[in-house]
Structure formats: C-alpha cells, structure tokens
Amino acid sequence: MPEQYRLILKNIDQPGYTPDLECYLRHGGYESLKKAIALQPKDLPDGKKQSAQEQIRDDVKASGLRGRGGAGFSAGMKWSFVDRKSGKPIYLICNADESEPGTFKDRQIIHKDPHQLIEGMIISCFANDVKLAYLYIRGEFPAGAKLLNQALAEARAKNFLGKNILGTGYDLEIYVHRGAGAYICGEETGLIESLEGKRAYPRIKPPYFPAILGLYMSPTIVNNVETLCHVKHIIDMGGAAYSKLGTPNNTGTRIVSLSGQVKKPGYYEIEVGKVTIGELIYHSNFGGGLLDGRKLKAVIPGGSSAKVFKAGEKFKLKKKNADGTMTEVETDMLDLPYDFDSLQAAGSMSGSSAIIVMDDSVDVVEVLANLGEFYAHESCGQCTPCREGSLWMSKALHRMTHGHGRKQDADYLVNIAQNIQGRTICAFGEACSWPVLSFVKKFKDEFEAKGAADEARNAGAGPK
Amino acid sequence: MSTQATTETKPTPPPIETVKIKVDGREFDVPKMTPDWQGKLQPTTMLQACQVAGIDVPHYCYHPKLPIAGNCRMCLVEFGTPAMGPDRKPVLNPDGTPKIIKSVLPYEPSSPRGAIACASPISPGMELYPSSEATKQMREGILESLLINHPLDCPICDQAGECKLQEYSVDYGKSASRFVEEKVHKPKQVDLGPRIMLDDERCILCTRCIRFTKDIVGDDKLGIVNRGSYNTIASYPGTKFENNYTLNTVDICPVGALTSKDFRFKMRVWFLKETKSLCTSCGTGCNTIIGSRENVMYRYEPRENDAVNSTWMCDYGRLNYKWINREDRLTQVQGSKLKVQTWANAIQYISEILLRAAAGSVAIVASARQTNEELYLLKKLAAKFNAITDSVPRVGEGDRLLLDPDRNPNSTGSRLIGIAPEKMGSSLPKIADGIRGGSIKTLIVFGEDVTKHGITAELLSQLEHLIVSDILPSATTAAAHYFLPGCAHVEKRGSFVNVKGRVQRFMQALQPKGDARPEWEFLHELVINVTGQNGFVSIEGLFNEMAKEVPAFHGVTWAGLGDAGVTVQI
Ligand SMILES: Cc1cc2nc3c(=O)[nH]c(=O)nc-3n(C[C@H](O)[C@H](O)[C@H](O)COP(=O)(O)O)c2cc1C
Ligand code: SF4
Ligand code: SF4
Ligand code: SF4
Ligand code: FES
Numbered sequence: 025m026p027e028q029y030r031l032i033l034k035n036i037d038q039p040g041y042t043p044d045l046e047c048y049l050r051h052g053g054y055e056s057l058k059k060a061i062a063l064q065p066k067d068l069p070d071g072k073k074q075s076a077q078e079q080i081r082d083d084v085k086a087s088g089l090r091g092r093g094g095a096g097f098s099a100g101m102k103w104s105f106v107d108r109k110s111g112k113p114i115y116l117i118c119n120a121d122e123s124e125p126g127t128f129k130d131r132q133i134i135h136k137d138p139h140q141l142i143e144g145m146i147i148s149c150f151a152n153d154v155k156l157a158y159l160y161i162r163g164e165f166p167a168g169a170k171l172l173n174q175a176l177a178e179a180r181a182k183n184f185l186g187k188n189i190l191g192t193g194y195d196l197e198i199y200v201h202r203g204a205g206a207y208i209c210g211e212e213t214g215l216i217e218s219l220e221g222k223r224a225y226p227r228i229k230p231p232y233f234p235a236i237l238g239l240y241m242s243p244t245i246v247n248n249v250e251t252l253c254h255v256k257h258i259i260d261m262g263g264a265a266y267s268k269l270g271t272p273n274n275t276g277t278r279i280v281s282l283s284g285q286v287k288k289p290g291y292y293e294i295e296v297g298k299v300t301i302g303e304l305i306y307h308s309n310f311g312g313g314l315l316d317g318r319k320l321k322a323v324i325p326g327g328s329s330a331k332v333f334k335a336g337e338k339f340k341l342k343k344k345n346a347d348g349t350m351t352e353v354e355t356d357m358l359d360l361p362y363d364f365d366s367l368q369a370a371g372s373m374s375g376s377s378a379i380i381v382m383d384d385s386v387d388v389v390e391v392l393a394n395l396g397e398f399y400a401h402e403s404c405g406q407c408t409p410c411r412e413g414s415l416w417m418s419k420a421l422h423r424m425t426h427g428h429g430r431k432q433d434a435d436y437l438v439n440i441a442q443n444i445q446g447r448t449i450c451a452f453g454e455a456c457s458w459p460v461l462s463f464v465k466k467f468k469d470e471f472e473a474k475g476a477a478d479e480a481r482n483a484g485a486g487p488k
Numbered sequence: 016m017s018t019q020a021t022t023e024t025k026p027t028p029p030p031i032e033t034v035k036i037k038v039d040g041r042e043f044d045v046p047k048m049t050p051d052w053q054g055k056l057q058p059t060t061m062l063q064a065c066q067v068a069g070i071d072v073p074h075y076c077y078h079p080k081l082p083i084a085g086n087c088r089m090c091l092v093e094f095g096t097p098a099m100g101p102d103r104k105p106v107l108n109p110d111g112t113p114k115i116i117k118s119v120l121p122y123e124p125s126s127p128r129g130a131i132a133c134a135s136p137i138s139p140g141m142e143l144y145p146s147s148e149a150t151k152q153m154r155e156g157i158l159e160s161l162l163i164n165h166p167l168d169c170p171i172c173d174q175a176g177e178c179k180l181q182e183y184s185v186d187y188g189k190s191a192s193r194f195v196e197e198k199v200h201k202p203k204q205v206d207l208g209p210r211i212m213l214d215d216e217r218c219i220l221c222t223r224c225i226r227f228t229k230d231i232v233g234d235d236k237l238g239i240v241n242r243g244s245y246n247t248i249a250s251y252p253g254t255k256f257e258n259n260y261t262l263n264t265v266d267i268c269p270v271g272a273l274t275s276k277d278f279r280f281k282m283r284v285w286f287l288k289e290t291k292s293l294c295t296s297c298g299t300g301c302n303t304i305i306g307s308r309e310n311v312m313y314r315y316e317p318r319e320n321d322a323v324n325s326t327w328m329c330d331y332g333r334l335n336y337k338w339i340n341r342e343d344r345l346t347q348v349q350g351s352k353l354k355v356q357t358w359a360n361a362i363q364y365i366s367e368i369l370l371r372a373a374a375g376s377v378a379i380v381a382s383a384r385q386t387n388e389e390l391y392l393l394k395k396l397a398a399k400f401n402a403i404t405d406s407v408p409r410v411g412e413g414d415r416l417l418l419d420p421d422r423n424p425n426s427t428g429s430r431l432i433g434i435a436p437e438k439m440g441s442s443l444p445k446i447a448d449g450i451r452g453g454s455i456k457t458l459i460v461f462g463e464d465v466t467k468h469g470i471t472a473e474l475l476s477q478l479e480h481l482i483v484s485d486i487l488p489s490a491t492t493a494a495a496h497y498f499l500p501g502c503a504h505v506e507k508r509g510s511f512v513n514v515k516g517r518v519q520r521f522m523q524a525l526q527p528k529g530d531a532r533p534e535w536e537f538l539h540e541l542v543i544n545v546t547g548q549n550g551f552v553s554i555e556g557l558f559n560e561m562a563k564e565v566p567a568f569h570g571v572t573w574a575g576l577g578d579a580g581v582t583v584q585i
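Protein chains in written order, with this note's numbering: chain S, 25 to 488; chain H, 16 to 585.
Quick caveat, the hints were computed from the structure, so don't treat them as lab data.
Just so you know, even glycine gets a beta-carbon here, dropped at the ideal spot from N, CA and C.
Mixed in with the good hints, there may be bad ones.
To be verified - Across the chosen pairs, the derived CB separations fall in these ranges: (1) S/His-401 <-> H/Leu-416: 51 to 61 Å; (2) H/Arg-193 <-> S/Lys-155: 34 to 44 Å; (3) S/Met-350 <-> H/Thr-27: 19 to 29 Å; (4) H/Pro-170 <-> S/Arg-108: 57 to 67 Å; (5) H/Glu-32 <-> S/Asn-183: 47 to 57 Å; (6) H/Gly-233 <-> S/Leu-68: 29 to 39 Å.
To be verified - Only some residues are given here: those of chain S computed to face chain H with a beta carbon under 7 Å: (7) Lys-268; (8) Gly-317; (9) Arg-318; (10) Glu-397; (11) Ala-400; (12) Ser-403; (13) Gly-405; (14) Gln-406; (15) Cys-407; (16) Thr-408; (17) Arg-411; (18) Leu-415; (19) Asn-443; (20) Ala-451.
Just chain S, same shape as in the assembly (with noise of 0.2 Å):
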C-alpha cells in the first residue's frame, strides 16, 4: 500500500509541536549536530588524513541526495565544486524564496519546524567552512521571516550559532534576508544580485557559477530549503543507510505539494520513486481521487513551469532487468514512479516536486492563459527573448480567452515559445516556454477550435 513516509515531516503538525527551541530540543533536536562537529579526522588506507568536513561532505555524496529546489542535481556534487582555494570566504545560501506555483512545502518547515532547517543549515556550513550563510525568504513569508529570526536568536542564545559554537572553535553566523516578491528571486543568481541589494538580474553562466563567483563574486552554494533539512537526516543515519530510501539514482524523501481538483489537497512526504501520479492523486493516503463525477484531464507534475501530462499519455520508458538488460515499457502517465529520472525520461520533470491536478471542468486555454500571465509578470527582463516572448505569448492567451482566438494561434505560439528556450540568461526561459509548447502540443485540437468557433463568429459579425 502506497503510503508517506514522514522524514523531515516527522514532527510537523502532531499535536503539540511547537517551532520553538525547547520543543525542538524535547523532540532530539541538535543532536546530528552534535555528532557532525564530534567527528574526528579519518585515516584513510593511504595513510592521508580525511577532516571531518570533508567526511560529511563524502557522506552527503554517499546519499544520493538531489536538490529538491527544482534542477534536482546532485548536492554532493554541487558542494564539490566550490572553490577551496579562493582564498575568499565560502557563503553559503538557504534559498527560501518559494514561488513556483503549486508549491507550498518549504513553508511548512519555516513555519512549523524552523529548527529541522536551522539544524541542517549549521551541518552544511560546518562541512563547507562556512562562516556566514544567509537565508533568502520570499517578501511574502513575514511570519515565516520572523519566525526564523526568534529560532536564530533561540539557537544562538544556547551557542547553536555565533562564536564557538559548542566550545569546537567554530564561528558561524546567519542572517535572514527578505525579498522584495519577485520570482526571479528563487533563480540563485538573482537570487545573489538580490541578496547583494541590486535588481534581481539572472547572471551569466560562464562566468558567474555561483560555486567559483557567487556572493560577492566569492565561492558560494545555494541550496534549497528541503534539500538542508534532508542534510540533518543524511547526518542522523549515515549516507549509507539514508541513500536506500527511495530509488537508486532517486534517494531520500520528499514533500509533494499537490493541488488542484483533488478531494485532499496538501503536502504529503513520500520515498522519492516508491509512489506513482496516480497514487498520488487517486490513493486515501494521498489526494484521495478527483471531486466526484470528475474526469482526469491533466496534470502539471513538478511546479507549473513543468511540461503538462495529458490523461491517458503513454510513454516508453527504459527499465533495467534482472540481468542487467534493458527493455521498453509503455506506461501510463499515472503510473509514472514519481522520482527525478522516470519524469524527465517522460518528457518533463519533478521540478519543485509540485502537482497540479485538472479535471474536465477546465478549459486548458484559460489555464495557460494565467500561467501567461503569471511568467509575463514575473520576467525580470533582461534578455531579450524572454523578455519579449513572454509578454508576447500573454497577450495571444489573453486575446484567444477574450474571443478574438484565430486557429493559427497555436502554431503562432509554439514558434513564439520556441524561440524562448535554450536562448535566454537563465532557466526562466524555460518554465515561461514549456507550459506553452507542452499544453499547445497536447491540445492542439481544442486550442485549434477555439480559434476557429472566435474566426467563425468573428466573421459572422461582419465588418466593424
């Protein structure tokens, strides 16, 4: 029986948990803390010494562990990039600027266990030599701005945090910053160019990757919110063990945020790849099927910036044998493994682990009409395809929803939306062009009609 498993939702919304310190402290809080900056320098077969650090940093390699901000990439990987010998000070940066729509389980950490985050934090600086982090919040969050800033003050009153934390001589300090509400914000580059009080522009990769010149053009890593608290955990049972959560190449856990017309909506935590879409949407212990009398018509998988899934889409999927052959296999979109690798090898991804649910009632333009908008809005405009495309691409939807629709609009915005992705600074690119290629390609016919039935009536109405 499908099922969550509560990992970094353990303590979240049982009754009587609180985000306070001394709640935390009740419930083991700050112990893999404790057991991070214990550790003593390994000897290695090769008779070199391995530092405590770097023993952590391997242990998160071990896990597997893929950031749960959005790219999915590795985060042992990522850490191992950052440029040691700058010589600059290594930053490192929660980002909690939560804003792909559907997604809402960052928040719940903040709110409900600001500690678990804190915690994880700490580790990941510790590992990395940080000495100062900041925690991005979305301008949105005041509370959850607040609420983190009294969880620092608590952790910091019991030497969590500052000067020699725990008597081992390492300083650490972090602050919260807030943004301004632009979701641009989220990108880590923009999010840096924020962070450093200019506009939130995208930087330029090469040269700006923020493990080599980040934060003040210094070493810097920007992880999500989950993807830390996952890093308390890896601590707490050892890379090893926490890597056979979940699926080979898909390890840990991971909070679903699912929305839409669902009889459940909310954040369930599952082993990443143990659960399928349809699970998710159909099973009591999840989404609980669609509002009654209600057909199945799409469904956004990873935050709305992911490729639509149309119901009743087939794909071909590669599966591995037991004798390490490999063979096709035609799966059903709802019986898609909800992990990182099964969903881009169906043509979109699992992204900020967001799913949206639309039954029948909807009407698919509409729907992209206000992702339109939404992406038009929220482009910080400084490269041009995006820039222009997606104001360009609004303002099609908003006409063809405003009944003045022509059939060859959905060829009009598939070209618009084409010469968007793979052109622009950064991956916003992306999430503007992909609702767009993805719902015009998956229903055409009914973007096609639209069109037509405005054509016809249009014409019927006969010159202005």
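Since chain S is already given, all that's left is putting chain H with the ligands on it; use the hints.
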C-alpha cells in the same frame, strides 16, 4: 639557450599561445587569450575568435570597452566541441578527423543550442558556425523579439543611418511582422538630463548606457525600473543624469533611444562628412571625429585611441565647438596702420617692421592652443631677435577619467618647442615691464587677449607695432596695428602634444572663413622674408623639419604619427 655570440637584437616577444578552432569550416589559429574591456588578458571569446576569422557576429549589448552583460542574445552562435572518449582522448571519425558533437538542447536534442559569442570562451578543437542556418534562425528570432514592441519611427529618428536595429533588420529581419498584439507603450520624450533625451520605446534594454555610467564613469545614476517587457531605463528617482560624460551614452546606444539635445533633429547622419580631429578643450587631447556638412560643423564624436581616451570624451569638450560658427569671427585682414587691407600688403609691412627690428625689441605671446608647427615658426622668428616669448596658462578642475586641469591643448608642445618657459605665463610680467620701460617696441600676439593677462590696453597703446592674429574679437585684436585672421583647428591641419607627451595630428574639416588663412602658411612667409630660411612647403615638411630640430621630437615623422599619434619623452 643559444650560447652563440650574436649582435645585439631586440628581444623577441614570447610567442603568442594559440588555439586551433574552425569557423564556418575553415581552420584558424586563434590567440588563446585576448584583452578584455579593461585590457586584461582573458580566454578568447567566440566573438573575438570570429573577428580573427574575419567574421562579424552581430551584437547589441557587447561593447569592447564595457563589461560583458550577455543580455541581448543577438550574438548566439551554433557550435560544436570535439567528442571525448572515456579515455579522455578525442573520438575520431572513420576518416580520421575528430568527431564533433554539436551543442543541442539537453531536453530537446533535435534543437541546436547556441552560445552567446560575446561571453563564451573558445576551447581547442571547437567549431563555430556563425553562418549556419541554425545561427541565422536564432538571430532572426532575437531580432523579431526586439522589433515587436519597437515603434519603428525610423523616418523621424536621429539614429537612422547608424542604427544597429536597422542594420541587422536588413540582414535578419522579415519584411512582414506576424505580431498582431498591441505594442507596449512607454514614455517617448524623457528629459533624462541637461544634455540627454530618452525615448523609452526605442530602447532595447542592452544596458550599455548603464554599464558605461556605472563602470567607466563611476556614477550609479542610471538603472532599470519596472519588470519584463515594461522595463524602462531611468535615472535615480528625483535626480537628473548629469555627469560630465553623459553624451558618450548617445554614441554607444545601438539604437535611437538616447539622443543628444545638442544634435537631435539637426542633421541626417548620412549627409555628414567625417574628419579625424582632436578635442582642443584640455590637455588630454581626446581623439575625435568631426561631423560637418557644407562647411558647417555639427558635432564631435570620440574616436578610439587606447593611449589617450579609449572611446570616450567629456561633454564639456564635446560641446565646446560652437565658437567655430560664431557670427563675429574675424575673417578680414585689417589694422589701424594698414592702409590696403590685403594679405600681400600686410605680410610686406610686417616683414619690413621685423627686418628693421633690433634684437631684444620684440616680444611674442603665442597661444598654447596653437599647433606645434605654428609655435615652431614663431620660435624661429623669436630666435632672430632674441625675443622674450610665452603663452597663457589656462586651468580648471580635472577629474579621474579624462578631463585634465590644463585647459590648453598644447601646453606641452609650447614648452618642448621653447615658446613657454617651464612655468607657463611667468615671462608675461617681463614682457609688460619691457613695454612699460620702452625696451620692447614690437609685440606679436597669437590667439590670446593679453589685456587679461597683465599687458593692459594702456601698455598696448605704448607699442610701436602691435601685430595680432586671432579668430575672435577681443580688446587685443581691437588694439592691433596689423591684424591677420587665423583659423580654428577644424579649418587647418597641425599637431599637438598632450599632457602625457602624446604627439597627435588632426586633419582639416572645413574651409577657412572669409580671407582667413592657416597660421602656419603666413608664418612660413614671414619666416622666409625675415630670416631667409626656407625648406618646407607643406605641413608634412614643416613637421619633419621641426622633428629634426626640436630634441623631444627626434625620430618622429608626420606620416609616422598616423591616426593614433606617438608618445615622446617629456
Ligand atoms: C525561475 C526560477 C525560479 C526558481 N525558484 C526557486 C525557488 O523559489 N526556490 C528554490 O529553492 N529554487 C528555485 N530555483 C532553483 C534555484 O535556481 C537553485 O537551483 C536551487 O535553489 C538550488 O537548490 P537545490 O540544489 O537544493 O535544489 C529557481 C530556478 C529558476 C530558474
Ligand atoms: S530568462 Fe527571463 S527571467 Fe531569466 S534573465 Fe532572461 S529575462 Fe530575466
Ligand atoms: S538607452 Fe540605448 S544604450 Fe541604454 S539600454 Fe536602451 S538601447 Fe541600450
Ligand atoms: S577630456 Fe579634455 S580633450 Fe577630452 S573631450 Fe574633455 S575637454 Fe576634450
Ligand atoms: S552581444 Fe548581447 S548577448 Fe552577446
């Protein structure tokens, strides 16, 4: 190392490390490193590599003298890199050539993925396809995006003719637009600062103006407000854009968004004749281009010279040209003691006066705005009578970028040639005393109003002979017994030496006004008449002769100055 004894030769520079790449199928050895906007060596970019290969990659935001922004995406280029095997050795095709993997979108392998040539470094074996179909298609897409919200008001736009949007539209644009939505409207006449107007609808948001202002001038005044397609260039709320370098943003704006209040609507650029010249408003000597038509000057633009002004000039210098067209320019030979007011008559009279003059009875005040050639000829005259000579210092405030406190363009030349003493102006009181005491009977003044520098009108009236050349009226020209109308620098050729010892030449853009003649021409006649010395019939000959006689200029020739000049020891 060779132990063989050789005659001394210049050390050969270390060989430049190169990288083999292919551009449009042809192989090139491209320097591995190339200077960036600050002149620091950095890995060569695709755009620079294409330049080496003689292929122009279209671009808007890239400017060789500004930090790279990478925002316009016009320079996207399709490319490929050599395939590497698991042994980290290149994989070969059956014919032995290295196998190239073209860059594609990771999520859509059927679509090429371009790289922005302005910011992407090359690597060994890389292949660039700046002329491929895919590259062309990417450019068309970018250009279309730039045009959909553009007002297309070329017929009334000052940039028309030097607009990159127009230029690339011819190459990559489609004639008919498929854009059927309403355009974004933005403010069209923004008074950005005292010298600059902004049309936000024409702006393509390349941020060149912002980067210039922030990174070159050090002024954070310009920025972008709003979001997405509504983005708009603005100066910091409640303030004006008004440093001394604002007009450079007009030059670097690739479209007609930023216009100079001084120049806008005055002249279609394609009618302008361009002449290489210099700014004469301070000792930096920024290299310029004069835009003129039908003998009227319309503008200065900076001309690139990395040894002097990069590609910039200051607003003060740029706008200091209006005096050239002034109504009250002096263009006639005249003077209270000149009955027949012709050149021949004047030269004859003055020659006779000077031939009769006793040693020590003549003084010369030359201007440090005069050319080396003119000063050199004046020095020859001075030598004949052992005359006291000097120039008039001009000082103002300097800044850390270009503007020099010395507001004369040729103080250095005046000193090197021996007209001005080390402390310019320190001999002027001696000249005044000489007139007062009666020992100085003849005063020659070029281009200065000496009544403002201690030689009063009253003193001038005591002179037997006051010979003046200038281009604008002053108390000194009014008192002249003999007046010879001279030329503004734009009306003649010559050279200056800037405060750092850069000897630079400038060309003639306009014909002299009225009867005016270039000073070197009539000074040359006077020198022949008075000293009997000849040997130079042209500005080239004159310069080359001067270079032989004036130690600082030894080895320099007029031709050798080229467009960028030569630095001499000062
Ligand atoms: C347009 C855009 C918006 C993003 N917004 C967020 C966000 O709100 N939160 C987040 O954690 N990552 C966001 N990301 C991803 C970050 O750039 C970055 O990859 C992530 O924070 C890295 O953390 P991780 O490796 O732990 O996932 C966004 C990326 C893009 C392109
Ligand atoms: S892709 Fe869009 S959001 Fe990203 S830098 Fe370009 S304009 Fe800004
Ligand atoms: S005003 Fe001109 S230089 Fe400035 S951003 Fe716009 S187009 Fe570029
Ligand atoms: S810095 Fe001097 S030479 Fe250059 S433009 Fe200004 S005044 Fe002219
Ligand atoms: S020239 Fe603008 S992105 Fe390269």
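To see whether the hints hold, each was checked on the structure:
1. Distance hint check: the CB atoms of S/His-401 and H/Leu-416 are about 39 Å apart, inconsistent with the given range 51 to 61 Å.
2. The given range of 34 to 44 Å is broken by H/Arg-193 and S/Lys-155, whose C-beta atoms sit roughly 55 Å from each other.
3. A hinted range of 19 to 29 Å is violated for the C-beta pair S/Met-350 and H/Thr-27, which are about 60 Å apart.
4. Against the hinted window of 57 to 67 Å, the Cβ-Cβ separation of H/Pro-170 and S/Arg-108 comes to about 59 Å, which satisfies the hint.
5. Evaluation of the 47 to 57 Å hint for H/Glu-32 and S/Asn-183 yields a pass: the beta carbon distance comes to about 54 Å.
6. Taken as a hint, the range 29 to 39 Å is violated for the pair H/Gly-233 and S/Leu-68, whose Cβ atoms sit roughly 51 Å apart.
7. Given the 7 Å rule on beta carbons, the hint for S/Lys-268 is violated: about 29 Å separates it from the nearest Cβ of chain H.
8. Of the supplied interface hints, the one on S/Gly-317 is violated, with its beta-carbon coming no nearer than about 37 Å to a beta-carbon of chain H, more than 7 Å.
9. With 7 Å as the threshold, the beta carbon of S/Arg-318 stays out of range of chain H, its nearest partner Cβ sitting at about 31 Å, so the hint is violated.
10. A hinted interface residue such as S/Glu-397 counts as satisfied when its beta carbon comes closer than 7 Å to some beta carbon of chain H; here the least separation is about 11 Å, so the hint is violated.
11. Against a cut-off of 7 Å between C-beta atoms, the interface hint on S/Ala-400 holds, since the closest Cβ of chain H lies about 6 Å away.
12. Given hint, S/Ser-403 at the interface with chain H, holds; its Cβ is 4 Å from that chain's nearest Cβ, closer than 7 Å.
13. Checking S/Gly-405 against chain H by beta carbon gives a least distance of about 4 Å; that is within 7 Å, so the hint holds.
14. Of the supplied interface hints, the one on S/Gln-406 holds, with its beta-carbon coming within about 5 Å of a beta-carbon of chain H, less than 7 Å.
15. Given hint, S/Cys-407 at the interface with chain H, holds; its Cβ is 5 Å from that chain's nearest Cβ, closer than 7 Å.
16. The closest approach between the C-beta of S/Thr-408 and any C-beta of chain H is roughly 5 Å, which is under the 7 Å cut-off, so the hint is satisfied.
17. Because the beta carbon of S/Arg-411 sits about 5 Å from the nearest beta carbon in chain H, less than 7 Å, this interface hint is met.
18. Taking 7 Å as the C-beta cut-off, the interface hint given for S/Leu-415 holds, the closest approach to chain H being about 4 Å.
19. Annotation: interface hint on S/Asn-443 holds; nearest CB of chain H at approximately 4 Å, less than 7 Å.
20. At a threshold of 7 Å, the smallest CB-CB gap from S/Ala-451 to chain H is about 11 Å, leaving the interface hint violated.
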